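> Now for the letters of each chain:
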Amino acid sequence: MKKIIPFLFILHSLTGRTQTGFSDSSRYIELKEVTVPVKNGSSRQQLVRFVRTGQAASLEDIMSRIPELNLLRRGSYGMEPSIRSLSSGQINVLIDGMRIHGACTDKMDPPTIYIEPVNLDRMEVQTGNHGFLHGSAIGGSINLAVASPSCHAVSKISGLFSSGYQSAAQAFYESLQLNYAGPRWSLLGSITGRKAAAYRSGGGDKVAFSQYEKINYSLSAIYQYNPQTRIKLDFIGDNGWNISYPALPMDVGYAAAGIASVSLEKENPLKKITRWRVKAYANQVRHYMDDTHRPNVPMHMDMPGKSQTAGLYSDGEIRLNSRQQIRFTADLSLTYLKASMTMYQTGQLPMYMLTWPDNRKDQAGAGASWQWQADSNWSLRATARIDLVNYTLRSQEAKDHISILGFPDAARSGFLKNISFGATRRISPVLKTNASIGWAERMPTASEYYGFYLFNAQDGYDYIGNPDLRPEQSLLGELNMTVQGKKAEFKLGGFYQYIRRYIMGRINTSYSSMTIGANGVKTWEALPYAILTGIEASLVWKPVDEVSLISTLRYTYGKTNKGEALPMIAPLKNLSALRYQPGRVFLQAETEQASRQQRYSLAYGEDATAAYTLLHVRSGYSFSLWQKKTDLQAGIENILDKKYHEHTDWGNIPRPGRNFYMQLLMRF
Amino acid sequence: MKKPVLILISFALLCVLVFLSACGKDTAENNPTAGLTKVAEGYAAGAAAKVELYTKETTLTSGYTRFYVALYDSVSGNRIDEAHISLTPMMDMGSMTHSAPYENPVSENAEKHLFPCSVTFIMSSMGGSWTLKLNVHNHLNNKEGSLTLPLTISEPVKSRQKSFTASHNGAKYFISLITPSAANSKVGINDFEIAIYKKASMMSWPADSSLTVSLTPEMPTMGHGSPNNVDPVHTGKGHYKGKVNFTMTGLWRLNLDFMSGGSVADTTQYFDVEF
Numbered sequence: 001m002k003k004i005i006p007f008l009f010i011l012h013s014l015t016g017r018t019q020t021g022f023s024d025s026s027r028y029i030e031l032k033e034v035t036v037p038v039k040n041g042s043s044r045q046q047l048v049r050f051v052r053t054g055q056a057a058s059l060e061d062i063m064s065r066i067p068e069l070n071l072l073r074r075g076s077y078g079m080e081p082s083i084r085s086l087s088s089g090q091i092n093v094l095i096d097g098m099r100i101h102g103a104c105t106d107k108m109d110p111p112t113i114y115i116e117p118v119n120l121d122r123m124e125v126q127t128g129n130h131g132f133l134h135g136s137a138i139g140g141s142i143n144l145a146v147a148s149p150s151c152h153a154v155s156k157i158s159g160l161f162s163s164g165y166q167s168a169a170q171a172f173y174e175s176l177q178l179n180y181a182g183p184r185w186s187l188l189g190s191i192t193g194r195k196a197a198a199y200r201s202g203g204g205d206k207v208a209f210s211q212y213e214k215i216n217y218s219l220s221a222i223y224q225y226n227p228q229t230r231i232k233l234d235f236i237g238d239n240g241w242n243i244s245y246p247a248l249p250m251d252v253g254y255a256a257a258g259i260a261s262v263s264l265e266k267e268n269p270l271k272k273i274t275r276w277r278v279k280a281y282a283n284q285v286r287h288y289m290d291d292t293h294r295p296n297v298p299m300h301m302d303m304p305g306k307s308q309t310a311g312l313y314s315d316g317e318i319r320l321n322s323r324q325q326i327r328f329t330a331d332l333s334l335t336y337l338k339a340s341m342t343m344y345q346t347g348q349l350p351m352y353m354l355t356w357p358d359n360r361k362d363q364a365g366a367g368a369s370w371q372w373q374a375d376s377n378w379s380l381r382a383t384a385r386i387d388l389v390n391y392t393l394r395s396q397e398a399k400d401h402i403s404i405l406g407f408p409d410a411a412r413s414g415f416l417k418n419i420s421f422g423a424t425r426r427i428s429p430v431l432k433t434n435a436s437i438g439w440a441e442r443m444p445t446a447s448e449y450y451g452f453y454l455f456n457a458q459d460g461y462d463y464i465g466n467p468d469l470r471p472e473q474s475l476l477g478e479l480n481m482t483v484q485g486k487k488a489e490f491k492l493g494g495f496y497q498y499i500r501r502y503i504m505g506r507i508n509t510s511y512s513s514m515t516i517g518a519n520g521v522k523t524w525e526a527l528p529y530a531i532l533t534g535i536e537a538s539l540v541w542k543p544v545d546e547v548s549l550i551s552t553l554r555y556t557y558g559k560t561n562k563g564e565a566l567p568m569i570a571p572l573k574n575l576s577a578l579r580y581q582p583g584r585v586f587l588q589a590e591t592e593q594a595s596r597q598q599r600y601s602l603a604y605g606e607d608a609t610a611a612y613t614l615l616h617v618r619s620g621y622s623f624s625l626w627q628k629k630t631d632l633q634a635g636i637e638n639i640l641d642k643k644y645h646e647h648t649d650w651g652n653i654p655r656p657g658r659n660f661y662m663q664l665l666m667r668f
Numbered sequence: 001m002k003k004p005v006l007i008l009i010s011f012a013l014l015c016v017l018v019f020l021s022a023c024g025k026d027t028a029e030n031n032p033t034a035g036l037t038k039v040a041e042g043y044a045a046g047a048a049a050k051v052e053l054y055t056k057e058t059t060l061t062s063g064y065t066r067f068y069v070a071l072y073d074s075v076s077g078n079r080i081d082e083a084h085i086s087l088t089p090m091m092d093m094g095s096m097t098h099s100a101p102y103e104n105p106v107s108e109n110a111e112k113h114l115f116p117c118s119v120t121f122i123m124s125s126m127g128g129s130w131t132l133k134l135n136v137h138n139h140l141n142n143k144e145g146s147l148t149l150p151l152t153i154s155e156p157v158k159s160r161q162k163s164f165t166a167s168h169n170g171a172k173y174f175i176s177l178i179t180p181s182a183a184n185s186k187v188g189i190n191d192f193e194i195a196i197y198k199k200a201s202m203m204s205w206p207a208d209s210s211l212t213v214s215l216t217p218e219m220p221t222m223g224h225g226s227p228n229n230v231d232p233v234h235t236g237k238g239h240y241k242g243k244v245n246f247t248m249t250g251l252w253r254l255n256l257d258f259m260s261g262g263s264v265a266d267t268t269q270y271f272d273v274e275f
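Going down the list, the sequences are from chains Y and S.
The opening residue of the first sequence carries number 1 in our numbering; numbering runs sequentially from there.
The opening residue of the second sequence carries number 1 in our numbering; numbering runs sequentially from there.
Source of the hints: derived by calculation from the structure; they are not laboratory data.
Because the structure is a prediction, the values reported are computed rather than measured.
There is no bait here: all hints are sound.
What follows is a set of in silico ranges between Cβ atoms, one per label pair, in the way DEER data are often shown:
hint: 1; chain 1: S; residue 1: 236; chain 2: Y; residue 2: 652; range: 57 to 63 angstroms
hint: 2; chain 1: S; residue 1: 216; chain 2: Y; residue 2: 516; range: 14 to 20 angstroms
hint: 3; chain 1: Y; residue 1: 639; chain 2: S; residue 2: 216; range: 57 to 63 angstroms
hint: 4; chain 1: Y; residue 1: 475; chain 2: S; residue 2: 263; range: 55 to 61 angstroms
hint: 5; chain 1: S; residue 1: 169; chain 2: Y; residue 2: 507; range: 37 to 43 angstroms
hint: 6; chain 1: Y; residue 1: 643; chain 2: S; residue 2: 267; range: 51 to 57 angstroms
hint: 7; chain 1: Y; residue 1: 507; chain 2: S; residue 2: 209; range: 34 to 40 angstroms
hint: 8; chain 1: Y; residue 1: 349; chain 2: S; residue 2: 209; range: 31 to 37 angstroms
hint: 9; chain 1: S; residue 1: 216; chain 2: Y; residue 2: 652; range: 33 to 39 angstroms
hint: 10; chain 1: S; residue 1: 86; chain 2: Y; residue 2: 409; range: 44 to 50 angstroms
C-beta atoms are modelled at their ideal positions from N, C-alpha and C, and glycine is treated no differently.
All chains, please: the whole structure from these sequences, using the hints.
Below, the structure is given as structure tokens:
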């Protein structure tokens, strides 16, 4: 007997998707409406229903509530995810396994903006030691698995309409999803629009240049060739305009992304290769920055950027026997980037330069993860991956730019090696521990190699690429412990990461800054090493069926080889939610607390960030309207109207103040 | 089955390559004045030679000007590739006349049928009239003659010619920008070349190699410079060569400081290049 429970967006498992009982820090967060047994599963499954505050929540809202993730915020849109304080080229951010690179030199467009939660099947966050399976990276992976159309023996059409409003930014959200399910063919289409005005921060002040508008559309088609085999076509389009970034000197006039793929998927639990998939994909992002609406612009400039990626990958699972299985992947990709800047001064010729001299990154890699359930108390896991990466400049113009920096030949290649081992031991029926150690490497990014006077608004320096950089390397140890009771689960984890050749900007006094008003020029250099260490803890308690309590705690400490603080490290942070759900109604109270951050990177233009405590309340009601399943949700975020910002917010721009929201969801 | 196909393809590729490279050579050899502009011509009567004067630019402007002289037998019209040419530029300002720096052809043998030489016009025709006298010793018939060509020199959009009175010795120096120009500049590393002449008398403008030069480019509208420039050093005959880096297009100011040993000659000169 199964029953669909609407609005139950569940953290499927704290400990990984597989049944071998691992207890490392990988997280698979199911965001789709899922079919679960009536009995509502273990307390563990309750953990992150609070991850999703509602249907209108953006992916950024969801990410901000996952303990391991942080968001580097430059505006109310386009926040850049970081895993345990590592971001950008240090982590993989994949869409359905696909690589996609932003077209903005200022990182205004992380790939996460292209996925609306309505299209998201689940989010796979893999920290640390097994996070490099899908790409050489020292900080783990975020994979956004995109929703597939559902199949049905009898043709039927179903749909989902949702609408939301938030008061702080006078933001509207409208979304329509249609699914045609047939015995052979099925289709899933969606369209989502968002429009937000400049929001008001705590205390009532409007934050100028924080508005945005966007539309996102997707189409997915499946052809079920036979019960085990299917062919899938996917397209996601995303257009944004009038997107403002209060922490940056420019906005985005227009941004467009197209993401397309075709895949062949095979699944047969009875065979040795239980799951196998091959996918070919291509995507393009175009990005046009705009300063025409800003006051006091010393000189108007255009900054267009383009990114194109094409790739091929294959992954799958092999079950060697009932105790051993292997996940494997092999992939290759080509990423082309080009961005330029043109400044205009009346009476003079335009000033034009390449900010990303056109370059291409070619990557080919393969990896595998082996899991062995040795006995009922021990399980082991080993993961390895290698990557060949080659960077080239694609035009004489690009080579001429980089030759100025002293590199007549700037083509670079690298061979990256990653390996890790982990063991999980069940000490008693309630206590489980996991330990792992791993070595990982990552290639410098195109910006770090070839960036040409890229202005960083946080520290006020122009950044210059350095083709002499060598791959960053990491040695990471992790220890986790899980106490699993009947009504409660407690998890505590710690990690220690030694990062060799940590890449950071260093002031270069022999260069003069290009950007008017900049403090100077920094060149990307490798520190001998840096250290990142931290703890993460979570508690789920379900004393009775109607009540659940969830609390997460996170602390990260980072230092350079000289003992200075690393930039963009969030302080001690706690999220707690108490939920009461007697039936069709639920009520939820939340607190969000961060301590004062006094360890900050002066070199990176940071300052101390004050502590804050926020209160939120949420409620929901499920009912039938014209015999359609309907949900209504409403809540107040930041009830105390606290004026605050997080340490990882650029420019100390205050976050939204008291925010009333309301959401409606109808299924048909 | 597969091998013959591969051999055929590689043979075809080879043919294409040979054909393409053969083509490329042809055009360069054919016409030595392709891409040049003829600015004057006349007969050097005593030498039985027709003289044609070419430049890379379409108009003559004040500053260092490279000329290419083509000589033809005035009867047969055949090219004369062996001759000794010497130049005398003159400026007639009415009340006074003066010459200007110049460089005679280095060799008595033409390179690619042309005799390269240069004149540095230190002013435009606004102040008077320029003439260029060419004395030609035709080695084919061992005859000698000369001709005087009037030239109109206009002001360039951005000055290529500067002068200063040196503070260390009171002498007047003339600085000519040879490269870069608006036409050949690019974002990247650019060759930088100037020529320095000293005014010894109205008729004598020898090349100078006594100064050391430092180069500091900047964008006046942006207030920034560029990294990794190479100061020009003397390479011969008053020519100083270095490298200038442009990080973007637009208006660049190339500031020049001149030193004589430890003492300052001048620090006020600059050339503007806009591309």
